[in-house]
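Novice: Each chain, letter by letter, is given below.
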Amino acid sequence: MNSDQITVDTSSVDRFVQQKYKHGFVTDIESETVPPGLNEETVRWISARKGEPEWLTEWRLQAYRNWLTMQAPDWAHLKIEPIDFQAISYFSAPKSDKDRPQSLDEVDPKLLETYDKLGVPLHERARLAGVAVDAVFDSVSVGTTFREELKKAGVIFCSFSEAVRDYPELVRQHLGTVVPPRDNFFAALNSAVFSDGSFVYIPRGVRCPMELSTYFRINAAETGQFERTLIIAEDKSYVSYLEGCTAPMRDENQLHAAVVELVALEDAEIKYSTVQNWYPGDEEGKGGIYNFVTKRGMCRGDRSKISWTQVETGSAITWKYPSCVLRGERSVGEFYSVALTNNFQQADTGTKMIHIGRDTRSKIISKGISAGRGQNAYRGLVRVAKTAKNARNFTQCDSMLIGKRCGAHTFPYIEVGNPTAKVEHEATTSRIGEDQLFYCLQRGISEEDAVSMIVDGFCKQVFRELPMEFAVEAKALLEVSLEGAVG
Amino acid sequence: MDKAMLKVRNLHASVEGKQILNGLDLEVNAGEVHAIMGPNGSGKSTLASVIAGREGYEVTDGQVLYRGRDLLELEPEERACEGIFLAFQYPVEIPGVNNTYFLRAALNAQRKYRGEPELDSMQFLKLIRGKLEILHISDDLMHRAVNEGFSGGEKKRNEIFQMAVLEPALAILDETDSGLDIDALKLVAEGVNRQRSPDRAMIVVTHYQRLLEYIVPDRVHVLSGGRIAASGDADLALKLEEEGYSWLAEGGIQALEGAETGSGGAGAAAGA
Ligand SMILES: Nc1ncnc2c1ncn2[C@@H]1O[C@H](COP(=O)(O)OP(=O)(O)O)[C@@H](O)[C@H]1O
Ligand SMILES: [Mg+2]
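Chain order of the listed sequences is A and B. Residues in the first sequence are numbered from 1 upward in steps of one, following my numbering. Residues in the second sequence are numbered from 1 upward in steps of one, following my numbering.
One or more hints might be untrue.
Okay, derived cross-link-like pairs now, DSBU-like style, lysine-lysine, Cα gap no bigger than 35 Å in a straight line [unchecked claim]: (1) A:Lys151 with A:Lys475; (2) B:Lys126 with A:Lys460; (3) A:Lys460 with A:Lys475; (4) A:Lys271 with A:Lys151; (5) A:Lys286 with A:Lys236; (6) A:Lys404 with A:Lys236; (7) A:Lys460 with B:Lys112; (8) A:Lys286 with A:Lys460; (9) A:Lys475 with B:Lys239; (10) B:Lys7 with B:Lys239; (11) A:Lys475 with B:Lys186; (12) A:Lys404 with B:Lys131; (13) B:Lys131 with A:Lys460; (14) B:Lys131 with B:Lys186; (15) A:Lys475 with B:Lys126; (16) A:Lys422 with A:Lys389; (17) A:Lys404 with B:Lys18; (18) A:Lys151 with A:Lys363; (19) A:Lys404 with A:Lys460.
Source of the hints: derived by calculation from the structure; they are not laboratory data.
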């Protein structure tokens, strides 16, 4: 196993580019990457490359045709350079399954080193904390551990591709039921070209014996990433899923358009936590990841619960609204978010809580931090359908400004279709207090430590929703992201 | 060795372009407690802020020496680590930051600066246990966020408690007595008196003489017109209590000269 396997072998790309299309269909499925561009052939190629069944190929093609009729959303409070979708390569993978590392020991040491630098000792975490890890980079899973233990509990935790191969019926039954392929521009794009991701299935009555954790990383040059994640929690089951993202320094803008679907059945609970730290671009605003994600959970069963917790510090542009559809009676949706923008970063993030069942409850705690020239928008929708008798929502939306050139914006949308519903919204904006800062300095605490202490305090309500070691990591991330924000 | 802790000479300072201090002189030796009194808006907090190095307080002329060193060269956090402590007139709330954690971070920052090992939370708890009792600080208060939801009295006691833990060489208490009932005042005064020591100097800024019944100062200064208008011993505070500050405005110059030239302090000032 050599460490070159994750870099793009350009000679084979050249070979591929020079190859003629036969019967309008690309046959070289051993290739590591497709040349830039998107058409039906590309979609078919990806599907064939992954050995997918006919129905899935058709599903992708349908999504692609939908996508052609759609336009990139322009309502967000974001400045986005037009994206040339024909300049992106839609697939990149290691040479062959046989060459892939079968365990973490075989993973490129450089990758592990990067994790270490970011305070994510992956192997240690896996061994000591008993966390199952499904590390995904460049579209294909490379290491999955603890699968045996999970199997004993009846839990399925594997890459999306494996799920398509081994549990096609489960995938077919749920795929696209929460985020339909034509839901929005980026979801349609993802549905057409998604490469890999995670699949989780918790059977009835099972409490998943460990936190499930996936680390994502974008690696090969100019390859957009299109992960697809599906989590199904059967009646009375529970799962906590951690998603962390890191990326090395790089120059070009990169598109990332993931889709995450969660399904919670009767009395089931899904806790989904994200720490996102993709390359945000440099101090001048050059480079950085475009993060256009569709995340949605469906509380299908009565008394089910889905909670999203996110700490967003990375990416040049973030467009992300993890949402809950509260269909089951007395189901509960929660959203806890910390979003930080520094330098030229932009974030338009928030949530949607759609109350359909009666006695449904939702809670939204959003903490936006803007520094440098960062722009941070909270956008939240609370919709109470006619059917949602006694629905309750509480929203608290706080913004903190560090410095004078950044901005915070709040866009709450509230639609109430049932008179018995109660919707509360609180919002505050504060500048990081010069008096708070001086109070800390006067006690001997350095400015940098003072800022991270104050910011950490501001985020406490969200951090305490994160699993312990994740919270520590999130705190460290904020500190790194805020370096040089003051003074 | 020089006993001088603080030497302020001809200090001129402005805030937002407004001249507040106009040639202030002050000398405080180790082991002494000085009281600074003066009407509202006379610049007492401004003096405290300048000494602590608060941003926005511009020194336009004069000199501040701290243990023989030019204080104005140091960053505010360096001044703190060098032993200057300010008990704030309005202690600041820091939501979400645990009170115990905050104080330990402060102590460890100062220990690190001095090249001493940092304390872990067990060692820290051991260190603060006794001091908590003296100031009647409850566990509950230590578990809450810094000053958040504290009553006025709790905030002031917390300041003095921080001082007890940080053990500064020069402490400035800015109106620590304001807003306290008599029991709380006695508690705070006891906390302060316990910390009087030959190596420590204190500047007690107050509006009322009341505090000085419990913390008896070695010297009393009256700040007016941006300078020390009168200095004397503890009796000067009593005179101020009886006569108010208005005599400063009228017979000001005389009083000022009497006080400044007279080495006897209060006698000279009172007789002016
Ligand atoms: N940050 C500030 N900005 C503007 N003016 C200030 C500021 N701080 C103090 N001042 C002004 O300086 C003068 C002295 O205030 P201060 O030092 O607080 O007085 P004291 O503490 O004696 O009551 C007052 O006129 C006050 O309005
Ligand atoms: Mg004052």
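Novice: Against this structure, judge whether each hint is valid.
Specialist: Taking the hints in turn, this is what the structure says about them:
The straight-line distance between the Cα atoms of A:Lys151 and A:Lys475 is roughly 33 Å, inside the 35 Å bound, and the hint therefore holds. Restraint check for B:Lys126 and A:Lys460: the C-alpha separation of about 27 Å stays at or below 35 Å, so the hint holds. Our distance criterion of 35 Å between C-alpha atoms is met by A:Lys460 and A:Lys475, whose separation comes to about 10 Å. Between A:Lys271 and A:Lys151 the CA atoms are separated by roughly 20 Å; this keeps the pair inside 35 Å, and the hint holds.
At roughly 47 Å between alpha-carbon atoms, A:Lys286 and A:Lys236 are farther apart than 35 Å, so this suggested pair is violated. A threshold of 35 Å between alpha carbons decides the hint, and for A:Lys404 with A:Lys236 the separation of about 49 Å lies outside it, so the pair is violated. With a CA separation close to 27 Å, the supplied pair A:Lys460 and B:Lys112 stays within the 35 Å bound. A distance of roughly 31 Å separates the Cα atoms of A:Lys286 and A:Lys460; the hinted pair therefore holds under the 35 Å criterion.
Straight-line distance between C-alpha atoms of A:Lys475 and B:Lys239 comes to about 55 Å, which puts the hinted pair past the 35 Å bound. Among the hinted pairs, B:Lys7 with B:Lys239 is consistent with the structure: their alpha-carbon atoms are about 26 Å apart, no more than 35 Å. Distance restraint check for A:Lys475 and B:Lys186: the Cα-Cα separation of roughly 41 Å exceeds the 35 Å cut-off, and the hinted pair is therefore not satisfied. The hinted pair formed by A:Lys404 and B:Lys131 fails the criterion: a straight-line CA distance of about 41 Å is larger than 35 Å.
Annotation: proposed proximity of B:Lys131 to A:Lys460 holds, straight-line Cα distance about 28 Å (limit 35 Å). Proximity of B:Lys131 to B:Lys186 is assessed by CA-CA distance (about 16 Å); at most 35 Å being required, the pair is judged to hold. Simply put, A:Lys475 and B:Lys126 have alpha-carbon atoms about 27 Å apart, close enough for the 35 Å limit, and the pair holds. Between A:Lys422 and A:Lys389 the alpha-carbon distance is near 10 Å, which keeps this suggested pair within the 35 Å criterion.
Among the hinted pairs, A:Lys404 with B:Lys18 is consistent with the structure: their alpha-carbon atoms are about 23 Å apart, no more than 35 Å. Distance hint between A:Lys151 and A:Lys363 is fulfilled; the C-alpha atoms sit about 34 Å from each other, no more than 35 Å. Distance restraint check for A:Lys404 and A:Lys460: the Cα-Cα separation of roughly 24 Å lies within the 35 Å cut-off, and the hinted pair is therefore satisfied.
Hint compliance for this structure: hints 5, 6, 9, 11 and 12 are not met, and every other hint is.
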